[in-house]
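Engineer: So the sequences go chain by chain: A and B. For the first sequence, the working numbering begins at 1 and goes up steadily by one. For the second sequence, the working numbering begins at 474 and goes up steadily by one.
Reference listing, derived: stretches of chain A covered by chain B, where coverage requires no fewer than 3 residues with Cβ under 8 Å from a Cβ of chain B:
| # | region |
| --- | --- |
| 1 | 79–92 |
| 2 | 224–231 |
| 3 | 349–356 |
Rather than coming from a laboratory, the hints here were simulated on the basis of the structure. Note that beta-carbon positions come from the ideal geometry of N, C-alpha and C, so glycine has one too.
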Amino acid sequence: MLSGEKASSEEITKAFLNLAEKENENIGAFLTIAPEQAIASARESDKRRSRGAPLSHFDGIPIALKDVFVTKGMRTTCSSKMLENYIPPYDGTVVEKLKNMGFIIFGKLSMDEFAMGTSNEHSAFGPVKNPWDLARTPGGSSGGSAAAIAAGLTPVSLGTDTGGSVRLPAAYCGIVGLKPTYGRISRYGVVAFASSLDQVGPMTRNVSDCAAMLSAIAGYDPKDSTSIPGDLPNYHSLLSGKIDGLRIGIPSEFFSGGIDDEVRSSIENAIKTCEKLGAKTVSISLPHAKYAVPCYYIIATAEASSNLARYDGIRYGFSAKRNLSLDDLMKASRTAGFGPEVSLRIIVGTYVLSSGYYDAYYLKAQKVRTLIKEDFFDAFKKCDLIMSPTSTSCAFKLGERSDDPVQMYLNDIFTSPVNLSGLPGMSIPCGFSREGLPIGLQIIGRPLDEGRMLNVAYAYEQATEWKTRRPPI
Amino acid sequence: MKYEAVIGLEVHAQLKTRTKMFCSCSTSFGDRPNSNICPVCTGQPGTLPVVNKNAIEMAIKTGLAVGCTINTKSIFARKNYFYPDLPKGYQISQHEFPLCTMGYMDITYEKSTKRIGITRIHLEEDTGKLMHDMGNPNESHVDFNRCGVPLIEIVSEPDVRNPKEAGEYLRTLRNVLVYLDVCEGNLQEGNFRCDANVSIRPMGQEKFGTRSEIKNLNSFKAVERAIAYEIERQVKLLDSEGKIVQETRLWNDAAGKTESLRSKEEAHDYRYFPDPDLLPLKVSNEWIEKVRKSIPELALERSARFVSQYSIPRYDADVLTDEKSIADYFEDVVKSGAPPKKASNWVMGEILRQLNEDGSEISACKISPAGLAQLISLIEKGVISGTMAKEVFAEMYRSGESAETIVKTKGLTQMSDSSEIEKIVDDVIAANQAQHAQYKAGKETIFGFFVGQVMKASKGKANPAVVNELLKKKL
Numbered sequence: 001m002l003s004g005e006k007a008s009s010e011e012i013t014k015a016f017l018n019l020a021e022k023e024n025e026n027i028g029a030f031l032t033i034a035p036e037q038a039i040a041s042a043r044e045s046d047k048r049r050s051r052g053a054p055l056s057h058f059d060g061i062p063i064a065l066k067d068v069f070v071t072k073g074m075r076t077t078c079s080s081k082m083l084e085n086y087i088p089p090y091d092g093t094v095v096e097k098l099k100n101m102g103f104i105i106f107g108k109l110s111m112d113e114f115a116m117g118t119s120n121e122h123s124a125f126g127p128v129k130n131p132w133d134l135a136r137t138p139g140g141s142s143g144g145s146a147a148a149i150a151a152g153l154t155p156v157s158l159g160t161d162t163g164g165s166v167r168l169p170a171a172y173c174g175i176v177g178l179k180p181t182y183g184r185i186s187r188y189g190v191v192a193f194a195s196s197l198d199q200v201g202p203m204t205r206n207v208s209d210c211a212a213m214l215s216a217i218a219g220y221d222p223k224d225s226t227s228i229p230g231d232l233p234n235y236h237s238l239l240s241g242k243i244d245g246l247r248i249g250i251p252s253e254f255f256s257g258g259i260d261d262e263v264r265s266s267i268e269n270a271i272k273t274c275e276k277l278g279a280k281t282v283s284i285s286l287p288h289a290k291y292a293v294p295c296y297y298i299i300a301t302a303e304a305s306s307n308l309a310r311y312d313g314i315r316y317g318f319s320a321k322r323n324l325s326l327d328d329l330m331k332a333s334r335t336a337g338f339g340p341e342v343s344l345r346i347i348v349g350t351y352v353l354s355s356g357y358y359d360a361y362y363l364k365a366q367k368v369r370t371l372i373k374e375d376f377f378d379a380f381k382k383c384d385l386i387m388s389p390t391s392t393s394c395a396f397k398l399g400e401r402s403d404d405p406v407q408m409y410l411n412d413i414f415t416s417p418v419n420l421s422g423l424p425g426m427s428i429p430c431g432f433s434r435e436g437l438p439i440g441l442q443i444i445g446r447p448l449d450e451g452r453m454l455n456v457a458y459a460y461e462q463a464t465e466w467k468t469r470r471p472p473i
Numbered sequence: 474m475k476y477e478a479v480i481g482l483e484v485h486a487q488l489k490t491r492t493k494m495f496c497s498c499s500t501s502f503g504d505r506p507n508s509n510i511c512p513v514c515t516g517q518p519g520t521l522p523v524v525n526k527n528a529i530e531m532a533i534k535t536g537l538a539v540g541c542t543i544n545t546k547s548i549f550a551r552k553n554y555f556y557p558d559l560p561k562g563y564q565i566s567q568h569e570f571p572l573c574t575m576g577y578m579d580i581t582y583e584k585s586t587k588r589i590g591i592t593r594i595h596l597e598e599d600t601g602k603l604m605h606d607m608g609n610p611n612e613s614h615v616d617f618n619r620c621g622v623p624l625i626e627i628v629s630e631p632d633v634r635n636p637k638e639a640g641e642y643l644r645t646l647r648n649v650l651v652y653l654d655v656c657e658g659n660l661q662e663g664n665f666r667c668d669a670n671v672s673i674r675p676m677g678q679e680k681f682g683t684r685s686e687i688k689n690l691n692s693f694k695a696v697e698r699a700i701a702y703e704i705e706r707q708v709k710l711l712d713s714e715g716k717i718v719q720e721t722r723l724w725n726d727a728a729g730k731t732e733s734l735r736s737k738e739e740a741h742d743y744r745y746f747p748d749p750d751l752l753p754l755k756v757s758n759e760w761i762e763k764v765r766k767s768i769p770e771l772a773l774e775r776s777a778r779f780v781s782q783y784s785i786p787r788y789d790a791d792v793l794t795d796e797k798s799i800a801d802y803f804e805d806v807v808k809s810g811a812p813p814k815k816a817s818n819w820v821m822g823e824i825l826r827q828l829n830e831d832g833s834e835i836s837a838c839k840i841s842p843a844g845l846a847q848l849i850s851l852i853e854k855g856v857i858s859g860t861m862a863k864e865v866f867a868e869m870y871r872s873g874e875s876a877e878t879i880v881k882t883k884g885l886t887q888m889s890d891s892s893e894i895e896k897i898v899d900d901v902i903a904a905n906q907a908q909h910a911q912y913k914a915g916k917e918t919i920f921g922f923f924v925g926q927v928m929k930a931s932k933g934k935a936n937p938a939v940v941n942e943l944l945k946k947k948l
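The following block holds chain A by itself, in its conformation from the complex (with noise of 0.2 Å):
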């Protein structure tokens, strides 16, 4: 992508380093900015851009990752005071696969603690602002990953996504952010929340980067079990404009109630220019879609506090006075390391899965899941994908919602069911509010069928203006 271009990995890097360091303030986006490594890995870049002999099409290509990316050297926090000095002695997967092809880390980016959240809110380290209006969240948990992209201050970013955490600030912030299906891209050196869930998904400045990125990092790893086997398609490659009838699912209990106008009329309005593009509609239903959220705080909470339980102050991390008897030792270290959601949320999972309530709850959600997933299934023979509001408004105002739970919750009434049935989905700009916040498009798709979304989406864009559009700041 540098190839034909004057400016030097260098020089471009150290443009993207100056930027975060001068627009964070207001934006608040970056947890580490790393200008030593950063520059040091562009000066290679360029000498075997010089040479002739490139890592890929992507070498020298600065990015800034979510902060859940472990990288081996360069501190991963989480937005967590608890890895508040963690420094990584290992890459994850993915991380590995950006630097074999040449792409320049060059910061980690906040994010709910643990990535649980739907504002940003909950960063130990203080919240991101939404470029778009600087007083109001940028969604989450990837909140800094699209705030960022917004802003200019990373051409491309990743983010994770286990209820919605990329699809909603993207929604929030305007951009492109994708969830692929569960399995296709690998969890290895993604610090995990919910593991049956936990997705990584490319957030990017339009679908043409998307695909490319989604083509760079997916595919099998030996050190995830639960990565999909196979060939990967070159995504990038998929994307035709061509979308003669394809059949889009409208499901009915996305659109009923509960939705801003302003939203509803901008979704309306894409799938009529979808329509006009040789698409067609089908009404379809996804009855049990209105119990995904509570199932998914229920699964997802349970895992969670199974997962969480590394962090007792013995290994690594935060860690309370040392003169405590060792039960007290991790009682100090995890009240004061974790904040307030993360152990709101590590009581709940650790309840819903105790003895006496486990078949109630836990086991109970399962079978939720389940009957959630066959409707996409039972969806999916009428329609090739599925089409609706990635959240029911746009973004809030920054402590709008943050003294009640529940309300932050059901802001991902409609991308907690897509994880929970492990589908691809998606969320594109589609249009503004008359405030000037930016609206998303979700698109699901069929298990592995990311290609045909990316297409779709690919199609939507190129037909209308919004990528255009630039936030204020």
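Following the hints, complete the assembly by docking chain B onto the known chain A.
Structural biologist: Structure of chain B alone, referenced to chain A:
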């Protein structure tokens, strides 16, 4: 009241895989602390487990050897609890759906055979090891070398009725694991560990009594003693107070008693749930059949073969096959040319006696099977006498020198040349006229006296057979 004890045994056996259960670290024992660790087995954020196929194969092998059903689908579950030797805050184990179920093992006890049911065998990972007393009394350390080493847990049905049966069950089980080459079976190194569940009930009653779980059993002897103690304790308690509390107890070997560790109320709620990082474990029938074919000859079969192939007594065969390494040694001695019964006598006699005396293992023995076969052959050929052989053996055992070398350097060669012996015989008879007269008068018991005198005069080198022959002729 008369009571009956009901005992169930849980064995944790470390599998002899080269690498750990969920990562590629070495399982080597006794290395420098924390030298065999990686991000996965120390529970670094973001790491994921990958199942060791070899461990599964060994578990299947064990299951098949004890008649279990091998479940083609089993599930890894997380057992959640906090402890510094458990870096993830949970142990990956199997809970509701284990790999092997419903097996059995026959044990021979007081000459009768009894079948002990095996409820299940499941796979899990070992924990690290806490190290105290490293110089600073306020500090403890953790060694994660053991953390993630594959274990199988073998759970018996509550079919055991007394301490001796428990001991026999464990010895037989250990023997099977060692024969299968899936476990070292070394209790001291902790790669074969046992917990016992003990309860009592009035004779004839079907319902089980309240059980206690006994931990910290570090030898077969300790198991038998602890169970015996626990039964007695429960009997006294039931007779005096009429009830027993469910609890976990620790065996204190020095004090010879069990001590309460925690009650049922204090027991952990492990919050088991299927591990979302691992897919259900699927094993194909083809794989199971392939493993079945790889099961080696076990002790019972081997003993029977020794009787038929080598014509040694059943007793010898049983003793020799009790320990796989001893049976292997014996067969190697025979393969090196020693007559089987002679080989058996030497292995069961001198070798086992010496090893027992030193508390040593056959693997550490300086006498190779071929070396022992050579010693036996020297006796067979009449080069040395049985008495000399004992002396040579002791030297071989000490120094590792070959029998031939020792015989040569010590000048121990037996005197078989009859003209040489004849001279000594003549001298002895001439010097002991009185005794000669008694012999002639019919006192045949004095014959031994003459043999002794000849042997003494020859410094033990005279071939006893030749001496006998000559004496009979000359007296």
